[in-house]
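K.L.:
Each chain, written out:
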Amino acid sequence: MSVIASWTPMPAAIGADAASTLVVAPLLIALVTGVASLLAGRQHRGRIGVSLFGALAYLLAVVAIDWYLVLAPDAPGIATYQVGGWPAPFGITLVVDGLSAFMLTMVAVIGIASLLSSIRVLPDLDRHRYYFPLFHFLMVGVTGAFLTGDLFNLFVWFEVMLMASYLFVAYDGGPLQTRAAFWYVSLNLVASAVFLLGVGGLYATAGSLNMADLSRRLAEPAAYGIDPVPVVGLFGLLLAVFAIKAGLVPFQFWIPSAYQAAPPQIAALLAGATKKVGIYAIIRLSFTVVGDAPVDVSLAVPFTGLELAGDSPLVFVGAALFAMAVASIFVGGLGAVGGRSIESVLAYSSIGQVGFIALPVAIAAAVPELRTLGIVAALVYALNHTLAKGLLFLAVGAVRTATGTSRLAELGGLAGRSPSLAVPFFVGSLALVGIPPLSGFFGKFLVFDVAARTASSALVIVVVAGSVLSLVYATRLWTRSFWGPPSTAVETAVTDHVQAAVLLALALAIVGVGVGFEPVYAFAEAGAEAALDADAYVEAVDPADEVSTGSGGDH
Amino acid sequence: MTAIVVATVVGALCAIGTYLLLQQDLVRVVWGLSLLGQAANVYLLAMGNILPASPDAVPVLAGHGEPPSGVTDPLVQALVLTAIVIGFGMTAFALFLSYRVYQEHGTLALAELAEADEAGDRR
Numbered sequence: 001m002s003v004i005a006s007w008t009p010m011p012a013a014i015g016a017d018a019a020s021t022l023v024v025a026p027l028l029i030a031l032v033t034g035v036a037s038l039l040a041g042r043q044h045r046g047r048i049g050v051s052l053f054g055a056l057a058y059l060l061a062v063v064a065i066d067w068y069l070v071l072a073p074d075a076p077g078i079a080t081y082q083v084g085g086w087p088a089p090f091g092i093t094l095v096v097d098g099l100s101a102f103m104l105t106m107v108a109v110i111g112i113a114s115l116l117s118s119i120r121v122l123p124d125l126d127r128h129r130y131y132f133p134l135f136h137f138l139m140v141g142v143t144g145a146f147l148t149g150d151l152f153n154l155f156v157w158f159e160v161m162l163m164a165s166y167l168f169v170a171y172d173g174g175p176l177q178t179r180a181a182f183w184y185v186s187l188n189l190v191a192s193a194v195f196l197l198g199v200g201g202l203y204a205t206a207g208s209l210n211m212a213d214l215s216r217r218l219a220e221p222a223a224y225g226i227d228p229v230p231v232v233g234l235f236g237l238l239l240a241v242f243a244i245k246a247g248l249v250p251f252q253f254w255i256p257s258a259y260q261a262a263p264p265q266i267a268a269l270l271a272g273a274t275k276k277v278g279i280y281a282i283i284r285l286s287f288t289v290v291g292d293a294p295v296d297v298s299l300a301v302p303f304t305g306l307e308l309a310g311d312s313p314l315v316f317v318g319a320a321l322f323a324m325a326v327a328s329i330f331v332g333g334l335g336a337v338g339g340r341s342i343e344s345v346l347a348y349s350s351i352g353q354v355g356f357i358a359l360p361v362a363i364a365a366a367v368p369e370l371r372t373l374g375i376v377a378a379l380v381y382a383l384n385h386t387l388a389k390g391l392l393f394l395a396v397g398a399v400r401t402a403t404g405t406s407r408l409a410e411l412g413g414l415a416g417r418s419p420s421l422a423v424p425f426f427v428g429s430l431a432l433v434g435i436p437p438l439s440g441f442f443g444k445f446l447v448f449d450v451a452a453r454t455a456s457s458a459l460v461i462v463v464v465a466g467s468v469l470s471l472v473y474a475t476r477l478w479t480r481s482f483w484g485p486p487s488t489a490v491e492t493a494v495t496d497h498v499q500a501a502v503l504l505a506l507a508l509a510i511v512g513v514g515v516g517f518e519p520v521y522a523f524a525e526a527g528a529e530a531a532l533d534a535d536a537y538v539e540a541v542d543p544a545d546e547v548s549t550g551s552g553g554d555h
Numbered sequence: 001m002t003a004i005v006v007a008t009v010v011g012a013l014c015a016i017g018t019y020l021l022l023q024q025d026l027v028r029v030v031w032g033l034s035l036l037g038q039a040a041n042v043y044l045l046a047m048g049n050i051l052p053a054s055p056d057a058v059p060v061l062a063g064h065g066e067p068p069s070g071v072t073d074p075l076v077q078a079l080v081l082t083a084i085v086i087g088f089g090m091t092a093f094a095l096f097l098s099y100r101v102y103q104e105h106g107t108l109a110l111a112e113l114a115e116a117d118e119a120g121d122r123r
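Listed in order, the protein sequences are those of chains A and B. Letter 527 of the first sequence, counting from 1, is numbered 527 in this note's numbering, and no numbers are missing. Letter 111 of the second sequence, counting from 1, is numbered 111 in this note's numbering, and no numbers are missing.
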């Protein structure tokens with residue numbers, strides 16, 4: 001609780017000790033909450049109280065990180081925590097900078113919304129004893145992945161996160177769930193093996209797994225006796241693993257079944273948080289770690305008219321992400337147009353939207369002048385996706401509580417029966433489409449801006465086509481479920497007020513982000529700059545005097 | 001010599017794992033996943049740099065970077081230990097899950113499960 005105590009609103013800068021305490025705070029809070037809610041056993045009220053308190057403390061810790069470490073005028077911008085006091089290349093490092101703080105904030109917001117909504121749909125609490133502990137362990141995994149400064153630890157946190165998500169996909173225990181969970185588990189076990197291959201190869205090639213140390217070694221391969229070329233291929237393996245987590249085409253096939261099988265409250269978290277872990281890892285590894293490695297590249301991208309040439313592996317990252325992002329936009333958009341239930345439309349839409357997040361990242365990787373703007377666009381779009389998709393998945397939960405179904409054929413006329421559900425749902429759909437003044441508008445606008453600045457008409461056409469598809473499926477979703485004559489299931493629907501209030505709060509957040517966009521943009525820009533400033537990252541994690549002991553002699 | 005043996009073992013484990021992964025039976029798929037994980041572990045261990053055994057190099061593995069003679073690279077071993085623990089946990093979970101799939105569907109054949117999937121999509 002010293003964390004909370006240190007969060008007294010003081011205008012002055014906080015000391016280095018307080019800064020490192022803040023870095024580890026969200027991880028500890030989530031872990032302690034998970035364990036405490038497990039220990040609460042049959043004390044339902046106690047368990048709910050602990051969960052809520054923990055989620056709130058998590059949010060406060062993240063807000064404190066945002067302010068004291070990133071956004072305050074005299075903030076350091078980056079802070080580290082060396083686990084056990086071991087210095088960087090040897091010990092485990094936790095790092096917070098603008099990028100991870102931005103991601104943590106999204107997760108904290110959607111986490112608390114999902115938790116509040118979950119409490120209302122689990123009336124039979126004795127059967128659901130392990131729901132809340134699992135929920136917090138999922139948060140532990142996600143938080144750890146955002147905070148870690150070490151590649152192998154990233155693997156470990158991925159597994160922590162995945163273990164909880166496996167159980168959630170299988171949670172309802174029906175035929176659909178067991179099947180979806182098996183596909184999900186198998187795919188991710190293969191991905192874990194591939195991740196280990198990439199990590200092992202990088203260790204053998206570059207001689208370190210600490211991201212800062214790795215970044216420094218790859219930036220000056222000659223000084224450390226490293227051949228940077230194999231790193232490109234090994235990084236390709238890691239990129240595939242992260243693309244699986246993010247659900248980019250061609251690694252998207254597990255998403256529709258897993259998102260439909262998981263409880264909608266968890267699907268909101270899967271789309272809002274675990275997907276973003278994949279995006280975060282791609283941005284962090286590409287730009288902060290391998291971006292500065294000198295590798296000569298010259299390659300033309302078919303159909304876009306872009307000539308990729310450069311001296312960095314980022315060119316390859318850009319080319320691969322281009323292909324995956326464009327394919328995701330179309331596969332997701334077209335799949336969503338044909339969905340038969342609200343959550344299947346949303347699951348496919350999630351594939352398309354992650355394409356919209358990956359596209360500016362690809363542009364940032366390929367075109368050096370657009371680097372900051374590209375990452376800003378990706379971060380803002382990711383924020384919009386987390387809020388809007390989170391809202392819509394939570395709305396699926398609320399619709400199911402109210403009507404007992406979420407299949408489009410059995411819905412209709414919900415707008416007349418429960419306007420308190422319809423209004424937030426409408427706002428969420430509009431945010432997905434990108435109507436001003438919602439958060440989605442700025443996300444779309446920035447993606448358009450970045451695409452237009454590449455002067456490639458093909459890219460702009462892709463973005464426009466993707467937007468039209470999102471308009472089509474959002475309209476279809478709205479007319480099928482909320483307009484028209486009420487169906488029999490809808491006529492008897494009773495809306496849960498807490499769930500509706502959570503939805504309304506998220507809808508207000510979407511409007512708020514859109515109206516007060518200035519600080520959000522500043523935050524995203526801080527995130528993008530942190531991702532691109534590899535030197536500051538290296539300096540903060542592993543101060544330069546270590547060079548003399550670590551240099552030379554590597555195979 | 002050691003390097004060739006280790007490389008062969010990794011290759012064989014990968015090959016058998018992939019073969020099992022492509023089988024019709026869920027339990028075999030789990031075996032395949034487990035073997036693939038083990039292949040990754042052996043590979044990870046080998047990444048600590050393999051040197052021929054000699055009085056001042058520990059058999060199989062010698063240091064990485066500038067090795068003090070007679071000490072293995074402890075990092076890869078720590079990594080592999082962690083990976084093995086995680087891998088066992090995941091395999092146990094996958095086995096349990098295949099048991100649940102059998103309970104729900106009365107079959108472990110992938111073709112029948114895929115049919116159920118398509119039927120689920122049509123509903």
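Accuracy of the hints is not assured; some may be wrong.
Negatives, chain B to chain A, calculated, CB over 10 Å [as the list claims (entries may be wrong)]:
| # | residue |
| --- | --- |
| 1 | Val6 |
| 2 | Gly37 |
| 3 | Tyr43 |
Facing chain A, according to a computed beta carbon distance under 10 Å, are these residues of chain B, among others [claimed, not checked]:
| # | residue |
| --- | --- |
| 4 | Met1 |
| 5 | Val5 |
| 6 | Ala7 |
| 7 | Val9 |
| 8 | Gly87 |
| 9 | Arg100 |
| 10 | Gln103 |
| 11 | His105 |
| 12 | Ala114 |
| 13 | Ala116 |
By construction, these hints were calculated from the structure, which means they are not laboratory data. From a predicted model like this one, the values you see are computed outputs, not experimental measurements. Backbone N, C-alpha and C fix where the C-beta goes; we use that ideal spot for every residue, glycine too.
K.L.:
Confirm or reject each hint.
P.N.:
Tested hints:
no.: 1; hint: Val6; result: 12 Å, holds
no.: 2; hint: Gly37; result: 5 Å, violated
no.: 3; hint: Tyr43; result: 6 Å, violated
no.: 4; hint: Met1; result: 19 Å, violated
no.: 5; hint: Val5; result: 17 Å, violated
no.: 6; hint: Ala7; result: 13 Å, violated
no.: 7; hint: Val9; result: 14 Å, violated
no.: 8; hint: Gly87; result: 8 Å, holds
no.: 9; hint: Arg100; result: 5 Å, holds
no.: 10; hint: Gln103; result: 8 Å, holds
no.: 11; hint: His105; result: 6 Å, holds
no.: 12; hint: Ala114; result: 9 Å, holds
no.: 13; hint: Ala116; result: 7 Å, holds
The earlier numbered hints that this structure contradicts are 2, 3, 4, 5, 6 and 7.
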